[in-house]
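What follows is each chain in one-letter form.
Protein chains: 2
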Amino acid sequence: MEVIVPFSTDRPKSRLSGVLSRDERNRFAREMLDDVLDAVVAAGGEPRVLATDAVDADLPCPVTVDDRPLTDAVNAALDARLGESEPVADRVAVVMADLALATPEALRELFAAGREADVAIAPGRGGGTNAFVAGHPEFETDYHGASYLDHRRIADEVGASVEVVDSHRLATDIDEPTDLAELLIHAEADGDGNDGGGGGKAPRWLRDAGFALDTTDGRVGIERE
Amino acid sequence: MEVIVPFSTDRPKSRLSGVLSRDERNRFAREMLDDVLDAVVAAGGEPRVLATDAVDADLPCPVTVDDRPLTDAVNAALDARLGESEPVADRVAVVMADLALATPEALRELFAAGREADVAIAPGRGGGTNAFVAGHPEFETDYHGASYLDHRRIADEVGASVEVVDSHRLATDIDEPTDLAELLIHAEADGDGNDGGGGGKAPRWLRDAGFALDTTDGRVGIERE
Numbered sequence: 554m555e556v557i558v559p560f561s562t563d564r565p566k567s568r569l570s571g572v573l574s575r576d577e578r579n580r581f582a583r584e585m586l587d588d589v590l591d592a593v594v595a596a597g598g599e600p601r602v603l604a605t606d607a608v609d610a611d612l613p614c615p616v617t618v619d620d621r622p623l624t625d626a627v628n629a630a631l632d633a634r635l636g637e638s639e640p641v642a643d644r645v646a647v648v649m650a651d652l653a654l655a656t657p658e659a660l661r662e663l664f665a666a667g668r669e670a671d672v673a674i675a676p677g678r679g680g681g682t683n684a685f686v687a688g689h690p691e692f693e694t695d696y697h698g699a700s701y702l703d704h705r706r707i708a709d710e711v712g713a714s715v716e717v718v719d720s721h722r723l724a725t726d727i728d729e730p731t732d733l734a735e736l737l738i739h740a741e742a743d744g745d746g747n748d749g750g751g752g753g754k755a756p757r758w759l760r761d762a763g764f765a766l767d768t769t770d771g772r773v774g775i776e777r778e
Numbered sequence: 554m555e556v557i558v559p560f561s562t563d564r565p566k567s568r569l570s571g572v573l574s575r576d577e578r579n580r581f582a583r584e585m586l587d588d589v590l591d592a593v594v595a596a597g598g599e600p601r602v603l604a605t606d607a608v609d610a611d612l613p614c615p616v617t618v619d620d621r622p623l624t625d626a627v628n629a630a631l632d633a634r635l636g637e638s639e640p641v642a643d644r645v646a647v648v649m650a651d652l653a654l655a656t657p658e659a660l661r662e663l664f665a666a667g668r669e670a671d672v673a674i675a676p677g678r679g680g681g682t683n684a685f686v687a688g689h690p691e692f693e694t695d696y697h698g699a700s701y702l703d704h705r706r707i708a709d710e711v712g713a714s715v716e717v718v719d720s721h722r723l724a725t726d727i728d729e730p731t732d733l734a735e736l737l738i739h740a741e742a743d744g745d746g747n748d749g750g751g752g753g754k755a756p757r758w759l760r761d762a763g764f765a766l767d768t769t770d771g772r773v774g775i776e777r778e
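Chains as they are written, first to last, in my numbering: chain A, 554 to 778; chain B, 554 to 778.
Which copy is meant is left open, so a pair is good if it fits within one copy or across any two.
Derived pair list, reagent style SDA-like, types lysine to any residue, alpha-carbon separation capped at 25 Å:
#, residue 1, residue 2
1, K566, D770
2, K566, D606
3, K566, T731
4, K754, S567
5, K566, G771
6, K754, E716
7, K754, R706
8, K754, L702
9, K754, A607
It is worth saying that the hints were derived from the structure and are not from the lab.
Here the structure is a predicted model, which is why all the values come from computation and not from measurement.
Chain A extracted, bound-state conformation (with noise of 0.2 Å):
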C-alpha cells in the first residue's frame, strides 16, 4: 500500500518554540520523519513523503512537492490515486510525519482496518486525524479544526464504511513539550528500539540535546541539562 507522510519544510514543529530553536525543530523533524519513513517501510508500506517544499537531505523514499495547504495537497494525491476518472490504486494511507511513536505494529492495523473498511481512521488526541487509509473515489480530507468528526461526517455523507483504528501511538502527535515527554517515556519503555518503535531516533535526539525525564514532583515532564 501507498503510505503518504505530509512533511513541512516550512517552520515545523512552532509550538515547541519554547523548548527548541528553530534549527533543533527543523533537525527533530527530520529524525521523526525518519522514524515514521522506517515504522511505514517495517509494517509492508511503500512510503511517499508529499512535501512542502524539496527537502535538503537524502531520504529513502520518493518525494512529491506540494506547496499548497495540507488539505488541498492531500486531497489531490487522492484524487490522483483514487479519483473516478482514472483510478490508480485501491486503497492509499496517509500517515503524519510526526507520529513518532508509531510502530510497525501499530500501522499493519491501520493498514488491515483499511483493507477493510472504505475509511480506516486513527484518530489524534484533540480530535485531529492522525492516519488514514482511503478507498473510496469521494472521501476527501479537512484538516481543519477537529478534522477527525469532519472525516467521520464526510466518510457518512459520500456513503463510505469507516473504521477507527483504537491506538495511542497513532494517536500521539509531537506537536508540545508535553508530547516529549510522552516519546521519551516509551522508548525508554521499549528499551534499545530494536522494534522500530518509540526507541527510534528522534527520542535519542532528544536525549542527545539534554532532555529527560523530570518525575519531581509526582508528574512526569521533561528537563533539559
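Following the hints, position chain B against chain A.
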C-alpha cells in the same frame, strides 16, 4: 475475570476544579465510574469497586472499602487473590474509574493480552498505568510518578512477561479540562453511545451541564454555556 475498579470518594478529580465545582466533580466522577463498570461488564469482566470510603449510591457490583493509599490498597487486593500462600485466582484486572472513553472492545483486548502474558499493561498518557491484568504472584504496583515505567521494571524484576496494550481509549484518563474535550469528541463521533463507549453517561452529564466543543481558534477545546 475479576476487575477491580479503584474509586476515590475523597475529593475526586481535583484537577478539574477550574471548570467544575466540588459537587459537580463528585457527580461527574460517579457518571464516569458507571460508564467504566458498564464497559467492564459488556467486555465479560466481573467488576468490584475498591473505594476509599462508603459509596453513597447503589452500585451494580460488590464494593470493598479500603482507606489506604491507592498503591497499598491495590497491592493488598492483588495479594489476596494471587498471593503465593493461598491463590484464589489466576488473573485479576485493575481498571481506573476515570477511563470514561473505555469501550468493551478495548477492555476485551486488555483481558486477552492478560491471558497471554503474566502482566498486561495499558499505559496512560503521561506515563501512568490506567489498566492492567496481573497473573504473577510477585507483581505489585507503585502508582507514584511514571508508574508505567515502574511497573515494567517491577515485572522484569520478578521475571513476569509483559504485554503492552496500545489503546488511545485506555490511555486517556479524564483528569484535566483538555480531557473533557477528548470525551466530547469521541462521544460525538460514536453517536448515541449504544456501544457502551464514549457516548455514555459521563459525556451526557457534561453536555447537560452546558459543556460543548469549541473549535473557534482552529484547535479543539471546551466551552460552557
